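Visitor: Sequence:
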Amino acid sequence: MRLRAMGSGFAPRNSGEEAWIGAVTCQGAGRQVFRRLFCQLSTCGLIWLLATVMLCRAQVVTQDEKRLLNTPASLRCSLQNPEEVLIVTWQKVKPGSLENMVTFSKNHGVVVQPAYKDKINVTQLELKNSTITFWNTTLEDEGCYKCLFNTFGSGKISGTACLTLSVQPTVFLHYSFFEDQLNITCFANARPAPVISWKVAGSEIENSTEVLLHPNGTTSVTSVLHVKDPKRQVGKEVVCQVLHLGTVTSLRQTVDKGFWFSVPLLLSIVSLVILLVLISILLYWKRRRNQDRERNRESTSGGEEGEACSPLSRKPEQSPGILTRVEGRCSNNRATLGSLILAVLSPAQPHGIRDQNKV
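Taking UniProt numbering, the leading residue of the sequence shown gets 1, the next gets one more, and so forth.
Treat the hints with care, as some may be off.
[What the hints assert, rightly or not] The calculated lysine-lysine pairs, modelled on BS3-like cross-linking and capped at a C-alpha distance of 25 Å, are: (1) K199 to K231; (2) K117 to K94; (3) K94 to K156; (4) K199 to K156; (5) K128 to K92; (6) K117 to K146; (7) K66 to K146; (8) K156 to K146; (9) K92 to K119; (10) K94 to K66; (11) K146 to K106; (12) K128 to K66; (13) K236 to K199; (14) K92 to K156; (15) K94 to K119; (16) K156 to K128; (17) K92 to K66; (18) K92 to K106.
The hints are simulated quantities; they were obtained by calculation from the structure and are not laboratory data.
The structure presented is a predicted model; accordingly, all values stated were derived computationally and were not measured.
Full structure from sequences and hints, please.
Guide: Below, the structure written as structure tokens:
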């Protein structure tokens, strides 16, 4: 038995204890070796797997393309393998399936599927470097495409290239006054959807945003700032920022002094104008009515005088003297209807008596 010093941490051990400790030590060492070996194998396997994947991926070099909608676009694939290529096939990646578009080989040349005629073509006639071109891109052309190289020794080797279509943003900024409120509107239309942000100083400002999708694939975003105190915003600059595909477009606008109309004030002004118009119409109508009355009176009096002085009203037996007297009164506008009747009915003196008096 070994002595174990109490102060130094040693204690006496028997042979059984030593054997048990030795067995445990051997088991621990075995586990450590196994773990190290397993870790090494796992690391090597992972490295080998990654190398295989990278090698397979490196066999075909592709590049994604971003183009504007309704413009030409090209996708390219390049095979790095030295093996002989028999045929190159381009396919469109669809959910759950692949659709053949066009093939190229030395024996048959370019063969375009009927659905893609007059739409695409192979513009690089090589077996290890292939390029397809879309003459005029549409919304249906956006997506990913697979180029498939059918080699003589390694079989089929493929790569994938994706096409993204966009529309440049159309933006404008304007402001308007509505009642006692100032509305500042920033509009942007693009593909993909633009993002609008503001740089504006002031308080009591609210923001509302409306998003609208269009059938042509574009998205319209309308952002409106509602300023409750427009007078504080006069002379200050407002900046609308439109973010689209990493590019920021800034629109600046300075609010000028305008006219702030409240609804009661506007209604009062309109009512006053309507009242003035009605008064003018009434005065004009009254004046015309008075003029018509004066004309009617003059025409009535003139008709009576003309009828009294007319020769048709004179009787045949009237003497020339009486007629002269009546005509004189009519000419002086002093004869009345009663005096004319008395003059006509008075008996005329015979010529013989008048002559005797003269003698």
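Visitor: All hints are to be evaluated individually against the structure, with a verdict given for each.
Guide: Cross-check of the supplied hints:
Between K199 and K231 the CA atoms are separated by roughly 18 Å; this keeps the pair inside 25 Å, and the hint holds. Taking the CA atoms of K117 and K94, the gap is near 19 Å; set against the 25 Å cutoff, the hint holds. At most 25 Å may separate the alpha-carbon atoms for a hinted pair to count; K94 and K156 meet this at roughly 19 Å. About 55 Å separates the Cα atoms of K199 and K156, which puts this hinted pair outside 25 Å; it is violated.
The suggested pairing of K128 with K92 holds, with an alpha-carbon distance near 19 Å, which does not exceed 25 Å. For the suggested pair K117 and K146, the alpha carbons sit about 18 Å apart, so the restraint of at most 25 Å is met. For the suggested pair K66 and K146, the alpha carbons sit about 16 Å apart, so the restraint of at most 25 Å is met. As the CA atoms of K156 and K146 are separated by approximately 12 Å, the hinted pair is consistent with the 25 Å bound.
Restraint check for K92 and K119: the C-alpha separation of about 14 Å stays at or below 25 Å, so the hint holds. A threshold of 25 Å between alpha carbons decides the hint, and for K94 with K66 the separation of about 19 Å falls inside it, so the pair holds. This hinted pair checks out: K146 and K106 have alpha carbons roughly 20 Å apart, not beyond 25 Å. For the hint linking K128 to K66, the alpha-carbon distance of about 23 Å falls within 25 Å, and the restraint holds.
Between K236 and K199 the alpha-carbon distance is near 11 Å, which keeps this suggested pair within the 25 Å criterion. The hinted pair formed by K92 and K156 meets the criterion: a straight-line CA distance of about 16 Å does not exceed 25 Å. A C-alpha spacing of about 18 Å is found between K94 and K119, which places the hinted pair at or below 25 Å, so the restraint holds. Of the supplied pair hints, the one linking K156 and K128 holds, its CA atoms being roughly 13 Å apart against a limit of 25 Å.
Distance hint between K92 and K66 is fulfilled; the C-alpha atoms sit about 17 Å from each other, no more than 25 Å. As the CA atoms of K92 and K106 are separated by approximately 22 Å, the hinted pair is consistent with the 25 Å bound.
Going through the hint list in order, the structure does not satisfy hint 4, though it satisfies all others.
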